[in-house]
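Chains as they are written, first to last, in the working numbering: chain A, 1 to 327; chain B, 1 to 327; chain C, 1 to 327; chain D, 1 to 327.
I should point out that these hints are in silico values taken from the structure, not numbers from a laboratory. One thing to keep in mind: the hints can contain errors.
The list treats identical chains as one, so a pair stands whether inside a single copy or across any two.
Unchecked claim - Derived lysine to aspartate or glutamate pairs resembling EDC-like cross-links, with alpha carbons at most 20 Å apart:
id, residue 1, residue 2
1, K106, E129
2, K262, E109
3, K150, E118
4, K150, E186
5, K262, D133
6, K76, E34
7, K262, E223
8, K251, E129
9, K166, E186
10, K106, E27
11, K166, D207
12, K185, E94
13, K76, E33
14, K150, D128
15, K185, D128
16, K262, E320
17, K136, E216
18, K262, E217
19, K251, E216
20, K106, E197
21, K166, E223
Protein chains: 4
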Amino acid sequence: MSIEFNQDRNYDIIAIGRACIDLNAAEYNRPMEETMTFTKYVGGSPANIAIGSSKLGLKAGFIGKIPNDQHGNFIKQYMSEVGIDTSNMVVDQEGHKAGLTFTEIKSPEECSILMYREDVADLYLNPDEVNEDYIKQSKILLVSGTALAKSPSREAVIKAVSLARKNDVKVIFELDYRPYTWASKEETAIYYSLIAEQSDVVIGTRDEYDMMENLEEGEGNNEATVNYLFNHSPELLVIKHGVDGSYAYTKSGDVYRGLAYKTQVLKTFGAGDSYASAFLYAIVNGKDIETALKFGSASAAIVVSKHSSSEAMPTVEEIESLIAQQG
Amino acid sequence: MSIEFNQDRNYDIIAIGRACIDLNAAEYNRPMEETMTFTKYVGGSPANIAIGSSKLGLKAGFIGKIPNDQHGNFIKQYMSEVGIDTSNMVVDQEGHKAGLTFTEIKSPEECSILMYREDVADLYLNPDEVNEDYIKQSKILLVSGTALAKSPSREAVIKAVSLARKNDVKVIFELDYRPYTWASKEETAIYYSLIAEQSDVVIGTRDEYDMMENLEEGEGNNEATVNYLFNHSPELLVIKHGVDGSYAYTKSGDVYRGLAYKTQVLKTFGAGDSYASAFLYAIVNGKDIETALKFGSASAAIVVSKHSSSEAMPTVEEIESLIAQQG
Amino acid sequence: MSIEFNQDRNYDIIAIGRACIDLNAAEYNRPMEETMTFTKYVGGSPANIAIGSSKLGLKAGFIGKIPNDQHGNFIKQYMSEVGIDTSNMVVDQEGHKAGLTFTEIKSPEECSILMYREDVADLYLNPDEVNEDYIKQSKILLVSGTALAKSPSREAVIKAVSLARKNDVKVIFELDYRPYTWASKEETAIYYSLIAEQSDVVIGTRDEYDMMENLEEGEGNNEATVNYLFNHSPELLVIKHGVDGSYAYTKSGDVYRGLAYKTQVLKTFGAGDSYASAFLYAIVNGKDIETALKFGSASAAIVVSKHSSSEAMPTVEEIESLIAQQG
Amino acid sequence: MSIEFNQDRNYDIIAIGRACIDLNAAEYNRPMEETMTFTKYVGGSPANIAIGSSKLGLKAGFIGKIPNDQHGNFIKQYMSEVGIDTSNMVVDQEGHKAGLTFTEIKSPEECSILMYREDVADLYLNPDEVNEDYIKQSKILLVSGTALAKSPSREAVIKAVSLARKNDVKVIFELDYRPYTWASKEETAIYYSLIAEQSDVVIGTRDEYDMMENLEEGEGNNEATVNYLFNHSPELLVIKHGVDGSYAYTKSGDVYRGLAYKTQVLKTFGAGDSYASAFLYAIVNGKDIETALKFGSASAAIVVSKHSSSEAMPTVEEIESLIAQQG
C-alpha cells in the first residue's frame, strides 16, 4: 500500500509550527552546570523535519512565527539556505522571543534538556497569518502537536488543517508531545484527538498516543488506538516503540514492523524528527511502507550519533548506505 | 421529515454552558442611567433554554459551573425548582462570579445590555467536570456558542460534543454569539465551524451564521451555508431572519419557512432562547418541522411581550393558543 | 490641637480612588438568595466620603476612573449633582466595568456583601491621569487604601501622595481595607505602611492598623502603632474600635476618646465613610478634635439607620441635632 | 568627606536583585547571527557587584531567587565559590527560569544584547523571603533598580529598604535601568524616586537619573537632581557621564570629578557593575571620595577590555596598578 498524493503541487511538504534555537553543550559527558560553552543550531520538531526533508530533496515550505531579533534572523537565514521556502514565516512585532533548548549530554543514556518556552514567538502565530493560497500548493501539511499547546497558534493550526482538508492536501500529524505550556493532560488529549481524527497520517511514540487517548503512560495498546483512529480520517498510523522498533498500520488492515539500526549513540535528541523526515521522503517518492520504515530508522540512527538535530540531518545516500550495510 | 432521537434515554435534553443572573430594569422606557431598581432573574442562553424546555414538559439536565455565593445558590435553586436536574452543575471553588446582564429598556426598539463577563464562573467549567455517564443518558446535548469563547469551558464543550457523538446523542448547536470574551472574529469562526460541522442541528440568526463563516455581516447567504454544512454532520439547519421569519433546511433538500407572530413587544431579549426551547420541544415530541417553526415563533412572541427571559417562558397551552389564534 | 490647613485653596478636599455602584437589597431581613430587587446607589469609600463631605458643605473634587457605560454615566452625574467637581474623573476607554457591591441585609447584625471587583475601571487609573495642577488646589488629598491594591491605580496614588506633599496638601489616609484584589497580606502591609508613613492623618479601624503592621487580627495595640507612625510624617491618628468608640492621638501626645451614639441599626455598611466625611468636615472647619470625633460618630449613627451609604449622608443640622440630643 | 558605616556587622555588603546567565559571543567582531558559540557566565548587575566586591575582599551576601535547574545550580555554585554568602538565595519552586543575556559584540562601539526576561525567577522574589535578621548584619544593602520592575520582587525590595533603614544599614541604590519588563517610563520614575528618596547613596548614569525624574533623555541636569534628592535621605550621589567621567556630590556641598582611564575596549558591558563594586570597596575601606571615584573608573577600564562581566572583575592590585600608571 502507498499513500496517494496530489501530484500537481509546487511543494512536497509544508510544515507548520515552531522554529527555535538549540544550544547544544559543546563540552559533553558532564552535567550542564559544568558545560561552559554552547553551540547554536536551528531546532524545533517541525523546523527539523522541514530541514531534514529539504536535505533529502523534497521541496519544503514553512509556516511559523519568528522573533524580530538576531535569533529570528538566524533561523530564517539558515532554513532558507537549506532550500526551504520561508515566504510564510512571519516576523513577530510584539517582542516575543525564540524558544530555546539547552541540551545536557551527561552520557548517551542520560540526556536532558532545559527549555525556554515562556511567551515564545512561535505560539503567537495568528490564524490570519495562515494562507489558503499557500497551503493548497502542497502535497502534505505537516502538523506538530506542540503548536496546539496555546492560543493563537492552536487556532492557526486548526485553521490550517481545515484548509488542507478542503484542498486535498494530506495532513500528517507528528504528535511531538512536550509537556511545557500545556495546561493539563486532559486539554492535550482533547486537541490531540481533535486533530488526529482529521489527519491522514499520524506519527508518534506509544507514549504520545497514550497522551492523545488520555491514558496513563503504558496503559494504551496499539489495537485500541488503531480501532479508534481508523473510525475517523486516518489511513496510516506509525507507532514507535523506541528500541523495539516501530509499527505502521494501514486502514486496509496491513501491519508492518520496522527495526532500529545499530549505531554509536551520542545523544537521543533529534531521533524523532530525523525519522519523520526520512519516512515522509520515502512515501512521497512512492516507496512502500516497509521501505519507508527503514528510511525512518536509518535516518534516526545517523542523527543520534551526531551533535545536532538539524545540522546532522543525513542525505539519501547516507541513509541508503546504512540500509545497505544493515539490511 | 423529522429527527430520530434515541428513545431509550432518561433526559430529553441536557444543556451545557452558562447559567447567569439577569438584572432587568424595573422602571423602563428610560435610559439605564435613570433606572434605580433592578429585578433579578436567572439568565444565560442555555439556562433559559433548559428552563423553557422544562416548563414545556421536557426532562432537562444542565452541565455548568456556578459561583460559590448567593447568586450561585439562587441559580441552582431556581433551576431545580422548575424541574431541571442540577446534579452536574459544579460549584466553583476559586472565587469566580456569576455573569451579570443589566438590561436597559428605552423602548421596544431600543434595548441594550450591560454585561459583566470578566472571569465568570461559567467559563471555568473543566473538561474533567463533563461526565460521559451523564451525557449518554440524554436524547439531546444542547451546546451554546458562548461556552466556546474561552478555555477551559471551550475544551469542556469540545469534549462534551465528542462524548455525545460517541454515544448517539444528538448535538444541537445554538450559535448564541456574544462578542464579549471572544479574542477575535477569526477565532470565533474557527470554533463555530468546528462545532457546527460536528452537530446534528444548528440554530442561529443569519448574522450568527455569517460570524461562523468569517464573513462580514450581510455578506452570507443561506444557500452557501447549507452547501457548506450539509457536507458535514448536520441534518437540519434553522436560520432566523428576524421579522422576516425563519427558515429550516433539511439535508434531504426540504425548505420550510416560519413566520413571526404579532405581539405587543416590551423588549427583544429572550426571543432566541424561547424560540429554541419551543422548537426543540416540538421536534422531540415528533412534530413536523413546520409545526416546530410555529412553536418557536409563538414562544418568542410571548416572551418578548413580558419582562424577563426565563420567568416568562410559556406553557404548551399558551403556545398552542397563540398558534390557534394567528394560525 | 487642630490641624493647620493651607487656606488659600479652591478645594477643601480632593478624594482619589474608586467610585462604584452599590446594589442594595430592596427587600431585606432575608438571605440574598430571596432578595429579588436591588436599588442602585453610588458607592465606594472615597466616593462616599466625597459625597458626604459635599453634602456637609465642603468643596470637594474627585480623581478616579469610571467606565464608559451607563453605570459610569450615572456615577459621574450623581456626584456632579451633589456638588463634587468631576473634571478629573477619567472615562475608561478599554472596556473595564464599574465595581459592584450587592448587599445582603439578613439582620442588623448579619450583613454581608458580594463584590464584583474583577478588572474594574477604578483600578486602571493611570499615573499620567493624576494632575499636579489639580491636586495643588486642595487643602486635603484623601487617599483610600483600596486604590493601592493593584497597578496602575497603585502608582497613580503613590504619585498623587508625592505631589500632595510637594505642594503642602495634607494627605489623609483612610485605610479602607478590602481583601479583594490584594495579592497577599504582606503586600498590603508594605503599601499601607509606605503611604501611612507619608500621610498627615491616618484613619482606620484597629483591624486595619493590624493589617498595615502585618500582624494577625487582634495582635496589635494602639501604643505600638502610635510609636511607629509618629516616627514618620503623621500628626494625627484615628483608631476606631467599633462599639467601644474611637481614639484620636496627636503627635504632641494628646489622646481623645469618642463614643458611639445610640441608633436603630438597619445595616452596618457606610459607617466608616460617613464617619470620615463628618470628621473631616469638622477639622477643616477648625473644630477641635473632641468635637470632630463626635461629628464622626453622629454621622455614622445616622447612616447605619438608613438604606444606602451615599444617599443617606446627613446634613450638618442632622449631625448637630443628634449630638445635641445625646451629648 | 566619607560615609560612616556601622562597623559592628558580619557583612560589608548584601546585594538584592537578579543573578542571571550571560551568554557571551565566543566569536566576536561580527553580528550575532554569525556567532555560533556562546560562553556562559554569571550575570546581572547586583550579582556582578557582589562578585566584584567579593573579589576585592569585601564580605558579601546576596538576596535573590534562582531557578530550580542547571542554570540556577551554576549561579549559586559560582557565587559561593567566589566567597559570597548564598544562604539567602531562594530556589524557585514554580518553574521560573534564569534570565539570559546573549551579547553581540560587533565592534567595541557596537555592542548589543538580546535579553530573555519573560517571567524570570529573580522577579518572583517574595517579600516574605527577605529576612530582617540577615539584612541587619550588613553595613550596606545594595539595591538594583531592575528588581523594582515587577511584583513581587518590587515589594521584596521595598521591604528590604524599609528593614535596612530601621536597622541602620546604608542603602545604596544602583539605578541600573533596563527597559525590559517595566510597564512604562512613568511607572519607572515613580518607583525610582520612591527608593532614591529613601537611599543613602545613589549611583547611576545621567540618563538613568533622567529616567528617575521622568524627563526625556538629555533634559535633566545635575544641579536639579542634587537639589531634589538632598531634600530627602541621600548624603552622596554619583552621576556618571560616560567618557566625560563621573561626578560625586555630597550633601555637605562638595563636588568631585572622576575621569575615565584609557583602555583597550573589547565591549562596553560590565562597566557599570565593575565601577560600583570598586567604588563601594573604596568607601567601605574609608578611602576618600576622590580615591573611590578613581577605583570605580579603573575597575571599569579593566572589565571593558575583557570578555565577561563577572569573571573579569579585577583585584585590588590590578586596580591600584592601573591608578599608579595613569594617575
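Legend entry - Structure versus earlier hints - violations, ascending order: The structure breaks hints 1, 5, 7, 8, 11, 17, 18, 19, 20; every other hint is satisfied.
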